[in-house]
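As you go down the protein sequences, you meet chains U, S and Z in turn. At position 278 of the first sequence (counting the first as 1) the number is 278 in the numbering used here, and the numbers step up by one without a gap. At position 110 of the second sequence (counting the first as 1) the number is 110 in the numbering used here, and the numbers step up by one without a gap. At position 247 of the third sequence (counting the first as 1) the number is 247 in the numbering used here, and the numbers step up by one without a gap.
Among the clues, some could well be false.
Capping the alpha-carbon separation at 20 angstroms, the derived lysine to any residue pairs in SDA-like fashion look like this [what the hints assert, rightly or not]:
{"id": "1", "chain 1": "S", "residue 1": "Lys279", "chain 2": "S", "residue 2": "Ala294"}
{"id": "2", "chain 1": "Z", "residue 1": "Lys137", "chain 2": "U", "residue 2": "Ser334"}
{"id": "3", "chain 1": "U", "residue 1": "Lys380", "chain 2": "Z", "residue 2": "Val200"}
{"id": "4", "chain 1": "U", "residue 1": "Lys153", "chain 2": "S", "residue 2": "His7"}
Source of the hints: derived by calculation from the structure; they are not laboratory data.
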Amino acid sequence: MEMAPIQDSRSADRTTILEMRGISQIFPGVKALDGVNISLHPGEVTALIGENGAGKSTLVKILTGIYVPSEGEILIDGQPVSFSSAQDAVDAGVTAIHQETVLFDELSVAENIFLGHAPRTRFGLIDWKVMNARAAELLHALESEIDPTIRLKDLSIAQRHLVAIARALSVEARIVIMDEPTAALSRKEIDDLFRIVEGLKKQGKAILFISHKFDEVYEIAENFAVFRDGRAVGHGRLSETPQDTIVRMMVGRDVSNIFPKVEVAIGKTVLSVENYCHPTEYRDISFDLKRGEILGVYGLVGAGRSEICQSLFGVTRPSSGQLVLEGETISIRSPRDAIAAGIVYVPEERGRHGLALPMPIFQNMSLPSLARTSRSGFLKAANELALARKYAERLDLRAAALSVPVGTLSGGNQQKVVIGKWLATLPKVIILDEPTKGIDIGSKAAVHGFISELAAEGLSIIMVSSELPEILGVSDRVLVMREGLSAGIFDRSQLSAETLVRAATGNA
Amino acid sequence: MKKLMKHRELLLVGIIAIMVAGFATRAPGFATPGNLANIFNDTSILIILALGQMTVILTKSIDLSVAANLAFTGMAVAMMDAAYPGMPLALLVILAIGIGAALGAINGMLVWWLRIPPIVVTLGTLTIYRGMAFVLSGGAWVNSHQMTPGFLNFPRLAVLGMPLLSWMAIAIVLMMWVVLTRTQFGRATYASGGNPTAAVYAGIDIGRTRFFAFTLSGALAGLAGYLWVSRYAVAYVDVAAGFELDTVAACVIGGISIAGGIGTVAGAVLGALFLGVIKNALPVIGISSFAQMAISGIVIVAAVVFNARAERKAGRIILRDRGAKEVSA
Amino acid sequence: MSDTRDMSAETRTRSAIPDRLGTPVSRLLGSWEVLLFGVAIAIFIANSFASPYFLNAWNLSDATFNFTEKAMIAFAMAMLIIVGEIDLSVAAIIALASTAMGAAAQMGIGAPGLVAVGISVGLVCGAINGTLVSVLKLPSIVVTIGTMSLFRGISYITLGDQAYGKYPADFAYFGQGYVFWVFSFEFVLFIVLAIIFGIVLHATNFGRQVFVIGNNEFAARFSGIPVERIKFKLFLLTGLMSGIAAVCLTSRLGSTRPSIAQGWELEIVTMVVLGGVSILGGAGTIAGVVIAAFVMGLVTFGLGLLNVPGIVMSIFVGLLLIITIALPIVVRRIRFMSTK
Numbered sequence: 001m002e003m004a005p006i007q008d009s010r011s012a013d014r015t016t017i018l019e020m021r022g023i024s025q026i027f028p029g030v031k032a033l034d035g036v037n038i039s040l041h042p043g044e045v046t047a048l049i050g051e052n053g054a055g056k057s058t059l060v061k062i063l064t065g066i067y068v069p070s071e072g073e074i075l076i077d078g079q080p081v082s083f084s085s086a087q088d089a090v091d092a093g094v095t096a097i098h099q100e101t102v103l104f105d106e107l108s109v110a111e112n113i114f115l116g117h118a119p120r121t122r123f124g125l126i127d128w129k130v131m132n133a134r135a136a137e138l139l140h141a142l143e144s145e146i147d148p149t150i151r152l153k154d155l156s157i158a159q160r161h162l163v164a165i166a167r168a169l170s171v172e173a174r175i176v177i178m179d180e181p182t183a184a185l186s187r188k189e190i191d192d193l194f195r196i197v198e199g200l201k202k203q204g205k206a207i208l209f210i211s212h213k214f215d216e217v218y219e220i221a222e223n224f225a226v227f228r229d230g231r232a233v234g235h236g237r238l239s240e241t242p243q244d245t246i247v248r249m250m251v252g253r254d255v256s257n258i259f260p261k262v263e264v265a266i267g268k269t270v271l272s273v274e275n276y277c278h279p280t281e282y283r284d285i286s287f288d289l290k291r292g293e294i295l296g297v298y299g300l301v302g303a304g305r306s307e308i309c310q311s312l313f314g315v316t317r318p319s320s321g322q323l324v325l326e327g328e329t330i331s332i333r334s335p336r337d338a339i340a341a342g343i344v345y346v347p348e349e350r351g352r353h354g355l356a357l358p359m360p361i362f363q364n365m366s367l368p369s370l371a372r373t374s375r376s377g378f379l380k381a382a383n384e385l386a387l388a389r390k391y392a393e394r395l396d397l398r399a400a401a402l403s404v405p406v407g408t409l410s411g412g413n414q415q416k417v418v419i420g421k422w423l424a425t426l427p428k429v430i431i432l433d434e435p436t437k438g439i440d441i442g443s444k445a446a447v448h449g450f451i452s453e454l455a456a457e458g459l460s461i462i463m464v465s466s467e468l469p470e471i472l473g474v475s476d477r478v479l480v481m482r483e484g485l486s487a488g489i490f491d492r493s494q495l496s497a498e499t500l501v502r503a504a505t506g507n508a
Numbered sequence: 001m002k003k004l005m006k007h008r009e010l011l012l013v014g015i016i017a018i019m020v021a022g023f024a025t026r027a028p029g030f031a032t033p034g035n036l037a038n039i040f041n042d043t044s045i046l047i048i049l050a051l052g053q054m055t056v057i058l059t060k061s062i063d064l065s066v067a068a069n070l071a072f073t074g075m076a077v078a079m080m081d082a083a084y085p086g087m088p089l090a091l092l093v094i095l096a097i098g099i100g101a102a103l104g105a106i107n108g109m110l111v112w113w114l115r116i117p118p119i120v121v122t123l124g125t126l127t128i129y130r131g132m133a134f135v136l137s138g139g140a141w142v143n144s145h146q147m148t149p150g151f152l153n154f155p156r157l158a159v160l161g162m163p164l165l166s167w168m169a170i171a172i173v174l175m176m177w178v179v180l181t182r183t184q185f186g187r188a189t190y191a192s193g194g195n196p197t198a199a200v201y202a203g204i205d206i207g208r209t210r211f212f213a214f215t216l217s218g219a220l221a222g223l224a225g226y227l228w229v230s231r232y233a234v235a236y237v238d239v240a241a242g243f244e245l246d247t248v249a250a251c252v253i254g255g256i257s258i259a260g261g262i263g264t265v266a267g268a269v270l271g272a273l274f275l276g277v278i279k280n281a282l283p284v285i286g287i288s289s290f291a292q293m294a295i296s297g298i299v300i301v302a303a304v305v306f307n308a309r310a311e312r313k314a315g316r317i318i319l320r321d322r323g324a325k326e327v328s329a
Numbered sequence: 001m002s003d004t005r006d007m008s009a010e011t012r013t014r015s016a017i018p019d020r021l022g023t024p025v026s027r028l029l030g031s032w033e034v035l036l037f038g039v040a041i042a043i044f045i046a047n048s049f050a051s052p053y054f055l056n057a058w059n060l061s062d063a064t065f066n067f068t069e070k071a072m073i074a075f076a077m078a079m080l081i082i083v084g085e086i087d088l089s090v091a092a093i094i095a096l097a098s099t100a101m102g103a104a105a106q107m108g109i110g111a112p113g114l115v116a117v118g119i120s121v122g123l124v125c126g127a128i129n130g131t132l133v134s135v136l137k138l139p140s141i142v143v144t145i146g147t148m149s150l151f152r153g154i155s156y157i158t159l160g161d162q163a164y165g166k167y168p169a170d171f172a173y174f175g176q177g178y179v180f181w182v183f184s185f186e187f188v189l190f191i192v193l194a195i196i197f198g199i200v201l202h203a204t205n206f207g208r209q210v211f212v213i214g215n216n217e218f219a220a221r222f223s224g225i226p227v228e229r230i231k232f233k234l235f236l237l238t239g240l241m242s243g244i245a246a247v248c249l250t251s252r253l254g255s256t257r258p259s260i261a262q263g264w265e266l267e268i269v270t271m272v273v274l275g276g277v278s279i280l281g282g283a284g285t286i287a288g289v290v291i292a293a294f295v296m297g298l299v300t301f302g303l304g305l306l307n308v309p310g311i312v313m314s315i316f317v318g319l320l321l322i323i324t325i326a327l328p329i330v331v332r333r334i335r336f337m338s339t340k
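For reference, chain U alone in the conformation it holds in the complex (with noise of 0.2 angstroms):
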């Protein structure tokens, strides 16, 4: 990776805007944050680094007064200062692009803009004139024409993250704060984005920005910090810090070993994807799937990847193609369809779509099972319980009973659950969307571990991840998706970084 020139205007009396002086913040059984120290300096952009769950949401939270913190002191200035609500971080200047879009579909573009500081009449009411005008400016001055008085709901992802960053800048603020501002752009919308802040930079604002990328890190951050469960694990200048060094920080541990990859005899095709199109969201996608074999699906976000797959598993209706499996063709209209020939579907988000967080373990465990479970329709707790407590010892679960509502557990844990409950039905196909997303690291390797077994016990696997080392690691095979179409298939020996990212974002 390469390092961006930087001025280095090393010096101990570098002035500081803001500091945060051991901060925890404390949930009910969880310590999210745990003494944390962190500083941001005017002018300058400090890159907040660690794995999903290392505690950067939460530190954002804080800083724009969504959560009052357990412990610690904020300082603006050397002022202590304390935040009880959204306004006053705005009020102290402090002004987030935040990583969800946090932007309001039936509002006007000016609205979204400026709600909670909207221009004034001099009766107090709202100045729509005054406004418009403002919101157009400040979109100008973002290089961009959105008509200010349009909803939000007719805009793209893209200008909807502009309307954002103008949201952001609509305040009088001296401290930015940009959670994983470019997930969703493209490579010429991050260059706009980086010059953006570059002119931020030049007025004296500082940068707060967060984001798991190195390569962008390097480019447009002067400081770092690393966060790890929790904790400030190391900070310092970019310059001088080589990547593995922040890695090690980062991970805790040399990540050689992160992906041990079975060797696996592959077998005979299972199924066949053929030409398999969606009016809105996908199209001529064809692809086979082996016995033992893991197809990768990489591309970014927003490439149509979890939609093929949720076709697959008959939550959506492709339009036309042909699905064979085992020979046979097969018509998957429902998820119900999609259970009984043996596919099923590990999803994206666990918690909306993969479990009922309120009911125990093994209620969940024997949801798509209970045919098997019952008898003649009434429930049966024994083999219940019997089928989770097999599942629960194969995936290694962690619990203190099988009747603790799955809420309860921690993220791997929970997917532990959710995979548990899908073996539980003897699937001949197997597809996990984003299978480690919000995962420590430790329960990662497991997760991978286990994925490889799966493959070596024959069963065919479909794995959608947008983390390229988690793709290169764990596939035979590998699809690439770019805005909706197949961008090749890749054999595991033509695997390599850059021929995934060139053909997913489409830069020759």
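Position chains S and Z against the provided structure of chain U, taking the given hints into account.
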């Protein structure tokens, strides 16, 4: 999409116009300005209540207690007027608004502080407020001869050819339009119903916004309480029984999304007028007024079907997004 | 997401996961149902001190008519609320079914035919609601406000300010008959239905699927549960129970007016929520609804003995609803503040 929203209100205007024209072919007097003004006057109270209900619905809540609030407040001011004929009318009106606001604030506090779902809260207070109207009156009626002439005549007073009741409805419509489109509170109601998470990030206190929405709805119900008893010249416990559902119906017909965050003042007013026209037309065209309930039922269901089609989100469109990105770049 | 239990469990060795925590008794204590049962007992004792007429088998038997018909619908409503929907048209279905039975009775149809008419009307109304909600995917709270207006409206069109009387003599059994001693037909039916609903909700695959849908509709759909079909069935069931309640109520009153059972939808929802069913869906028991039915019946009956008018009783019912929901929240908050 904005066009469609615009269309929606125009569509309602069109439907109402066609209805009026249709009824006029059966009863020539129906479309005269005088009769139309009468219909408006007759619908004024529903308009006022629907605007309060709309504010609450925008915040992803519902207020089922408006009619009970109206009954209690109406009874309270009618009894005060009967007991102390010397009380100035302005004071009584202010009291009506105040009592209504207080009852609305109780709903709001239960929703805000205790986070009880609004439907449960107002289901409870609906029975409580109407029960209190009974306790207050002992079940007795306050009849027109017990009320003072000033109290009774105020809504009927003609100003520029229209009764004051109509003028009050117009004033409230304008006020609510300003409140919802020109104040921070108004935008907060749309925001907290449209996307609660984003509202928190924008520094909006959803609970507080709901509290004020309920208080506003209560204040309007209180005012409607006075208007109702003086217009119909009688106060009794069962006044406006079931009317809360008419207010919800007016909102639904007017395109206010029951899921919150979507709707306009014009929509709510047109929704109320739609119901008002039907109610006034039935006797004219010789259909028993008993049919009104069934017709509103069909209209509500039809409106819900229509709303659901209009609100259905397009979803993220990947294939077309390419085009959109190029446009934005 | 993870809590202390989970963290402490990280140190456990594999295969050490027990099936359940605590004993069955410890799980039962502290449940909403037990708390509510305590309230019921307290009201019972208070009533027996307040009025000398209370502790009389026949008076108590009479008191059950206060809630049996509503409770029958409440069982189905409980399942509907657990699944995440609601039906506000139940009382209007009673009115329509009762009107249909009245019209049929005028035509000289006998008691079995009338029962068939009442139940069929209930099923048809339930199917209409079910179609609107599960096929057209409309929000049930507004849809059923609409059908409530429609169903009762048809009743008004048919009857206006008239009433149907003249029901055949043997039709009276359903609302006025006794199976043995003080146990009325309605009360026995209530008990039988409670047992059936308890089994269906808590001991069958169908019941489990209802809970899953209520907790997470997405997850349910992703697990192959036919969400729409189950919702349709529950609306049908609610219609059926409303039809049965209409038979009992019409038989008991011996006449039909379009205003019959006015406002019952709210009392039935109150009964369900008081019974510990979460208005947000996903949690609740039939046992809770049964106890809530008794609590509401006892309150109404006790206040009736003290000559408190019906509308004032409704204040108590409303307060009961809000307080029973608010109390645990307030207690939890005080406990949280004191630990903090």
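Check whether the Cα positions of Lys137 (chain Z) and Ser334 (chain U) lie no farther apart than 20 angstroms. holds (17 angstroms)
Taking 20 angstroms as the top limit, are the C-alpha atoms of Lys279 (chain S) and Ala294 (chain S) close enough? holds (11 angstroms)
Has the given pair, Lys153 (chain U) with His7 (chain S), been kept, meaning a C-alpha gap of at most 20 angstroms? holds (17 angstroms)
Please work out if Lys380 (chain U) and Val200 (chain Z) have their alpha carbons no farther apart than 20 angstroms. holds (13 angstroms)
Hint compliance for this structure: every hint is met.
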